[in-house]
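> Residue strings, one per chain:
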Amino acid sequence: MHELTPLIPHYIDDVYDSIKYFMPEIYLSILFIVVFITDLIFGRNSRQLCKIIACVGVLLVIVQDLYQVSLLLTNGQPTGHFLFNNMLLLTRPFITFKFVIDVLAFILLFYFDWDHKLRAHKKGLSDLYSIVIASVLGLHLMTMAVNLLSIYLSIEMVSLASYLLVAYRSDNSITTEAGLKYVLFGAASSAIMLYGISLLYGFSGSLNMFGSTVSGLVQANGTAVSFAILLVLLGIGFKLSFVPMHFWVPDVYEGASTPVTAYLSTLPKIAGFALLMNFLTPFIFYAKWSGFDFKLFLSAVGIITMIAGNFAAVLQTNVKRMLAYSSIGHTGFALMGIVTFTQQGLSALTYYLLVYGIANIAALALASYFTNLAGAEDVEGYKGLGVKYPVASVCFVIILISLTGLPVTAGFTGKLFVFSSVYASYQQNHDIWLLLLMVTGALTTVVSLFYYIKIPLYLFVKRTDILSDPVKSSYNILTLSIILSLVILLLGIFPGWLISYF
Amino acid sequence: MLTLLIFIPILFAFIIVVLPSSARASFKYITLLATLVQLCISVWLYLNFKTGAGFSGIDHESQFQFVQKIPWIHLNLGGLGTMQADYFVGIDGISIGLLVMTSLVMVIAALSSWEIKSNLKGFFALFLLLDMALIGVFCSLDFFLFYIFYELMLLPLYFLIGMWGGARREYAAIKFFLYTLFGSVFMLLVMIGLYLSVKDPATGNHTFNMVQMMNPANYEIGSVFSTLSHQTIFGFPARTVGFVVLFIAFAIKVPVVPLHTWLPDAHVEAPTPVSIILAGILLKIGGYGIIRICLGIFPEVASSGAWWLGLLGIISILYGAFNALAQKDFKRIIAYSSVSQMGFVLLGIASQTAEGISGAVMQMVSHGFLATMLFFLVGVVYNRVHNREIYNFRGLGTLMPKYTVFIMIAFFASLGLPGFSAFIAEAFSLAGAFKSSSVNGLLPQWMAVFGAIGILFSACYFLWTLQRMFFGSVSLKGGEIWKTALVDLSTREIIALVPLALVVLAIGIMPSLVFSKINDSVLELVNFTKNIIH
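Protein chains in written order, with this note's numbering: chain A, -3 to 498; chain B, 3 to 536.
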């Protein structure tokens, strides 16, 4: 004990110094407590209040995120800064990830109580806001975690919040099944990941990824190390939902209430990509690393994921289920950006994920809208709604076009950036896998059009005779989706406004 | 000026969207006004289009006319330099003819939209959006801009066919969409490859500028599509792969057999105005793309593959003609005749002679007018009795004399009667194909012979149709009801048809109306490809 005493001041200094780099997370913690207490004090009627507090709070967090950029620059640490004794790493690209997460969370917070089914829940929604805030804190940590321990803890934090969200409304057998399935698979996959982490720790004797973990692993048995890495990747894969860790996605997305699906399909996934980058970076930049071939693994997984996700989506008729499979396909596409391991690839990936997130949330919000107003869950139910709700339907078309990746939408520019970063990387090293990835990406775009267009097909093209039930109106989701569609169009025409900051 | 030309439709579309539905009767007039304004601008462009060696365009950026170049996307990508895509529009001889043709065809299409009765706001908004994209494609000189307009056409067309089409419209619309998208996503990959291979000599940035892409000196050494580095993709030479991918994308549009199967479905199911746009303008985008992009950027591959291009052209000509002979649906005959006639475009391009390419451009312009006329005429009958089966009609000649006059003009012009534009166009394409064997040895003479045989077959199906439907005593499947329904052409229809007939005749008698404008560019293109190859 006594030999550690001289080290203590140093640790305290480090912690104290880290705090100023930790402001967004501290804000989030405070916000969580405030929302939580508001809920306790005002009880069930506090939904609106909690919502306002949460939204304002997240705005403040976004401001803090932006402030961090200049903080890194003024302190002369453009490459990044380690926090809390190498537990976390704050770098410029991952601040962007945090920014993306917070912006999407902000949109989601607005959207949660506009879904009639979720709002009808008797527990009230106040709890939901505190859970979401807590999960955003976890997501922030995920983007920064560089220590095997912090990686695991941050993932678990997000997982716990997600379990609660999925099971929040468990009024029928499908939602209950979804909730239970998610918890079981989630628990199993984090156990697998924990096992992998403990193996890595055992082989290298260090939890610090940027410290001696990698150099320690080089000396261990190659096969065993590869096995351990594979286990960890599978754990992360559960969050990203790439094949073969995708099987839970359709059921859970379909069963969870729509806003929660919007949450699951965007935020944890985006943070998962950040975490994957964090986990891979030490290996990639360790010159002597010759074991597990990440590029090969991720390329193969990416290709399979794109094919499986997109082709499976073709067969779906339930809108949420279709979007679930399509989000698997998007994961595959985004993996393409990671495989390049370049700065450009990373910024293209971030942009792609932001655009995907906006479009996916908007698509699910519109799915809510049609469920609210017309009770439609299947594409069949959308028949003829295009004439009744023209504005919402046109927005839906724009958003789906963006998800497909056609001009003039942000989805197209996102796809373009990812493709060009992969191409640039191909031009350097002539790796056949990159070419295969691009060809698969192009092919699956055509496939994805086939199922995305189903929604406009039913909205506009299929004719119906019955136009009996009166047209109801609801403005909140409509306004949101108009704004998001406009954003998507503007980003499609002028991508330079955003990508230059990424 | 070009910017105005491109974006006028979208302005009017905006007006239509904003206007309340109660004003729906005025939508067609607004659309007509938009297309007329556009026609005026393009005629003005045509009149002010300068000719001469200094204005030939093709691979000289300074020789394009009415150029507008505004920086659009300039992104600093760190180590990879700056991404540069400009709003860069301009025209040369290849585009001016097509531009005027497009504007006139759009007016006719707007006139034929009178038949649309449901959901007018949606129809005319999409119509004008499509109009913008079509004009944009012909004006863009930046590949990125070109691609955006190229893709932007698909969605309006999907809805126009899908929402206002015939019985099998859903199938036809999705088939069209998937087919074209299949071509264009791979085009996207090649576009990115070209972009990363080419550097703007002035700024040192990678660029999407098509004119820069034509100059082999601008390719970075060691880049995928560099002429010097001989890179391979999956074991094939990279430039060949690039050419083939782009060619397939455009061949789907043309359409070249065997990539044509979307066309009969889409044409038959589409409402008349959309058929007119499809046949009159959309197919030309394929031909234009092959000339401007495939031939311009990959000239050496185009000439080494010329034999195959010529063969595909011949197959299209003959296969289209045979299919047209076998059809029972009036509209399907016209659709297959389009396949056949567009084959001449490919044949002319493949010859890579001045005659051949002039003939190809001329054929595109001429077919634009003729196909418009034919589809408009089919629409006239269909609107009156909602039937187009050839064997259900007989003796229309006595029932609808004015209609028959126009049908005869259109048929005879299409089958290449001297004095009409198609004759000039086909004659030049074939002359190019004949000459090719002695000038550059790209195409064997038998190809030209088969092309000429194709004309013969086109005479067969047109004349046979004429005989079956229009001659003889009146005998209709629908009996008296049809007889009263089949009234002769109205004033509006005559107003739409007369200018087309006049233009076709004028070009046939004075081909210099087109040739004088395109000649410099065609010569420049032929010279340019020759220089690159040798």
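I should point out that these hints are in silico values taken from the structure, not numbers from a laboratory. Honestly, I wouldn't trust all of these hints.
Stated by the list, open to error - Listed below are several chain B residues computed to face chain A (Cβ distance under 10 Å; list not exhaustive): (1) L180; (2) L515; (3) S518.
As the list claims (entries may be wrong) - Derived coverage of chain B by chain A (criterion: at least 3 residues anywhere in the stretch with Cβ under 8 Å from a Cβ of chain A; other residues may be distant): (4) 151 to 158; (5) 185 to 193; (6) 452 to 460.
Even for Gly, the Cβ is constructed at its ideal location relative to N, Cα and C.
> Would you mind marking each hint as holding or not holding in the structure?
Hint by hint, here is what the structure shows:
{"no.": "1", "hint": "L180", "verdict": "holds, 6 Å"}
{"no.": "2", "hint": "L515", "verdict": "violated, 35 Å"}
{"no.": "3", "hint": "S518", "verdict": "violated, 36 Å"}
{"no.": "4", "hint": "151 to 158", "verdict": "holds (count 4)"}
{"no.": "5", "hint": "185 to 193", "verdict": "holds (count 4)"}
{"no.": "6", "hint": "452 to 460", "verdict": "violated (count 0)"}
Violated hints, in rising order: 2, 3, 6; the structure is consistent with all others.
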